[in-house]
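Single-letter residue listing:
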Amino acid sequence: MEAGEEPLLLAELKPGRPHQFDWKSSCETWSVAFSPDGSWFAWSQGHCIVKLIPWPLEEQFIPKGFEAKSRSSKNDTKGRGSPKEKTLDCGQIVWGLAFSPWPSPPSRKLWARHHPQVPDISCLILATGLNDGQIKIWEVQTGLLLLNLSGHQDVVRDLSFTPSGSLILVSASRDKTLRIWDLNKHGKQIQVLSGHLQWVYCCSISPDCSMLCSAAGEKSVFLWSMRSYTLIRKLEGHQSSVVSCDFSPDSALLVTASYDTNVIMWDPYTGERLRSLHHTQLEPAMDDSDVHVSSLRSVCFSPEGLYLATVADDRLLRIWALELKAPVAFAPMTNGLCCTFFPHGGVIATGTRDGHVQFWTAPRVLSSLKHLCRKALRSFLTTYQVLALPIPKKMKEFLTYRTF
Amino acid sequence: MERRKTYDGCEGPDAMYVKLMSSDAHEFVVKREPALASGTIKVMVSGPGQFAENEPIRSIVERPLHILHMYFTYKVCYTKNSTKLPIAPEIALELVMAVNFLDC
Numbered sequence: 001m002e003a004g005e006e007p008l009l010l011a012e013l014k015p016g017r018p019h020q021f022d023w024k025s026s027c028e029t030w031s032v033a034f035s036p037d038g039s040w041f042a043w044s045q046g047h048c049i050v051k052l053i054p055w056p057l058e059e060q061f062i063p064k065g066f067e068a069k070s071r072s073s074k075n076d077t078k079g080r081g082s083p084k085e086k087t088l089d090c091g092q093i094v095w096g097l098a099f100s101p102w103p104s105p106p107s108r109k110l111w112a113r114h115h116p117q118v119p120d121i122s123c124l125i126l127a128t129g130l131n132d133g134q135i136k137i138w139e140v141q142t143g144l145l146l147l148n149l150s151g152h153q154d155v156v157r158d159l160s161f162t163p164s165g166s167l168i169l170v171s172a173s174r175d176k177t178l179r180i181w182d183l184n185k186h187g188k189q190i191q192v193l194s195g196h197l198q199w200v201y202c203c204s205i206s207p208d209c210s211m212l213c214s215a216a217g218e219k220s221v222f223l224w225s226m227r228s229y230t231l232i233r234k235l236e237g238h239q240s241s242v243v244s245c246d247f248s249p250d251s252a253l254l255v256t257a258s259y260d261t262n263v264i265m266w267d268p269y270t271g272e273r274l275r276s277l278h279h280t281q282l283e284p285a286m287d288d289s290d291v292h293v294s295s296l297r298s299v300c301f302s303p304e305g306l307y308l309a310t311v312a313d314d315r316l317l318r319i320w321a322l323e324l325k326a327p328v329a330f331a332p333m334t335n336g337l338c339c340t341f342f343p344h345g346g347v348i349a350t351g352t353r354d355g356h357v358q359f360w361t362a363p364r365v366l367s368s369l370k371h372l373c374r375k376a377l378r379s380f381l382t383t384y385q386v387l388a389l390p391i392p393k394k395m396k397e398f399l400t401y402r403t404f
Numbered sequence: 001m002e003r004r005k006t007y008d009g010c011e012g013p014d015a016m017y018v019k020l021m022s023s024d025a026h027e028f029v030v031k032r033e034p035a036l037a038s039g040t041i042k043v044m045v046s047g048p049g050q051f052a053e054n055e056p057i058r059s060i061v062e063r064p065l066h067i068l069h070m071y072f073t074y075k076v077c078y079t080k081n082s083t084k085l086p087i088a089p090e091i092a093l094e095l096v097m098a099v100n101f102l103d104c
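Heads up: the protein sequence lines correspond to chains L and Z, in order.
The opening residue of the first sequence carries number 1 in UniProt numbering; numbering runs sequentially from there.
The opening residue of the second sequence carries number 1 in UniProt numbering; numbering runs sequentially from there.
Think of the hints as simulated: they come from the structure by calculation, not from any bench.
A couple of the hints might just be wrong.
[What the hints assert, rightly or not] Non-contacting residues of chain L with respect to chain Z, defined by C-beta distances greater than 12 Å in every case (computed):
id, residue
1, S150
2, D154
3, S166
4, L197
5, M226
6, H371
7, C373
8, F380
[Stated by the list, open to error] Just some of the chain L residues that point at chain Z, by a computed CB distance under 7 Å:
id, residue
9, K370
10, A376
11, L377
None of the values given here were measured: they were computed from a predicted structure.
Here a beta-carbon is modelled for each residue, glycine too, at the ideal position from N, C-alpha and C.
If we strip away everything but chain L, and leave its shape as in the complex, we get (with noise of 0.2 Å):
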């Protein structure tokens, strides 16, 4: 589709019945993820079930998997060998999911020598943060168990690997806290970042992996080093908890959601706030309805680092070009909780309070060269790097995103 084309709905899935009928766990499905090589998508489809899908879809049946271990769906027909839907039963509510990379060569390596007696970790996982603050580790291509993090007192919301594959975890909890995990000693606990007053909603590794952005109900937004795990500067801006946040492809701008209705974009190196995206509903409400119907659920980059995607609670989804003012695109979801792109681009995914999933086309727009080139020099320089080169002020403005 071209940009400023509604997105189309190309697909939903809705959960099967619950294995047993348990009116205490909730059936929102409270996060959607697509693996970064785009193989399988990931949806925690509520009643304590994640579903593993092979990505792309297929239009027949799943064939049911013949292995005694693996936890295959109950579609049957003959099986085949191919990738196989997979149903994860975590026990407890999920509210977070997180895909690792493939790991590096070095660290698979390393972790085959220190540890021939466990599961080699040269796999693709998913980890699941739990109601009570477990997090659990899981093989994809298995459906098996891996490990079980302890040590959050409270929901883990959001979970995030780093990118390079080196199998650090961060993770976000109600407990106020985030903590690191090294799952190639075993899951140990290597950090807590403690400063948040109130429950941490989300956590994003930039994609250089130099830093940790985490948001929280007392509306700052904290942005960490990876490196030495320490504290860089707050960003103060947003009005109300602040419940989303994502890192643009090239790790130079960063955007924050939140329930005061409004996207707040910020360069992450100088703390500056670049622009504001505010939601505001389409029709006014006939009545004196409360100001935070458009409260902000999520918020995403799209790949080529260009298109936002937001879902707010006045029932639509917004499809946002960097460079304007208002969306681009309409489509209307009711209840929507969270919002992904497939790594590939073209295609959007939602999840929704009654454990739905839709999969939505996206703006495809091939990127000028000039911004390839700006996504290409700011994967590895800093704001002050920029500001420091020998090139027109207008270039500048340019590469720092000040000007589109």
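Given the coordinates of chain L, assemble chain Z onto it according to the supplied hints.
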């Protein structure tokens, strides 16, 4: 780069090719239409006679021009696709300056 085959020329308004000459005397003969992705080149070859048909682009050195050629081809072949164009960090700065001039 082909040397001996015969192509339609680079001369005249209907030429199928344009010749881009860099400041260090490398010549790139590229198909005209993909090269029009650059706003500057478009103006140069179809403007009202202000530039000669094969005016060399003197300010640009050879290495980035090679990537430019790749970009023109990339744009034609991979419109709407998400195939990545690799840009080596060491030429990215030179390239962005060249691209800024060429407006593409």
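Going down the list of hints, with the structure as the test:
At roughly 40 Å from the closest C-beta of chain Z, the C-beta of S150(L) stays outside 12 Å, upholding its exclusion from the interface. Taking the minimum C-beta to C-beta distance to chain Z, about 39 Å, the non-interface status of D154(L) holds against the 12 Å cut. At the 12 Å boundary, the C-beta of S166(L) stays outside the reach of chain Z, the nearest C-beta of that chain being 21 Å off. Annotated as non-interface, L197(L) keeps its C-beta farther than 12 Å from every C-beta of chain Z; the closest such distance is 40 Å.
Every CB of chain Z is more than 12 Å from the CB of M226(L) (nearest about 21 Å), matching its label as outside the interface. With a minimum CB-CB distance of about 9 Å to chain Z, H371(L) fails to clear the 12 Å threshold, and the non-interface call is violated. The Cβ of C373(L) sits about 4 Å from the closest Cβ of chain Z, inside the 12 Å cut-off, so the non-interface label is violated. The Cβ of F380(L) does not lie farther than 12 Å from every Cβ of chain Z; its closest approach is about 6 Å, which violates its non-interface assignment.
Using the Cβ-Cβ criterion of 7 Å, the hint placing K370(L) at the interface with chain Z is satisfied: the shortest such distance is roughly 5 Å. With its C-beta approaching chain Z no nearer than about 4 Å, A376(L) sits inside the 7 Å limit, and its interface hint holds. Satisfaction of the interface hint for L377(L) is found here, the shortest Cβ-Cβ separation to chain Z being roughly 5 Å, below the 7 Å cut-off.
Checked against the numbered hints above, the structure breaks hints 6, 7, 8 and satisfies the rest.
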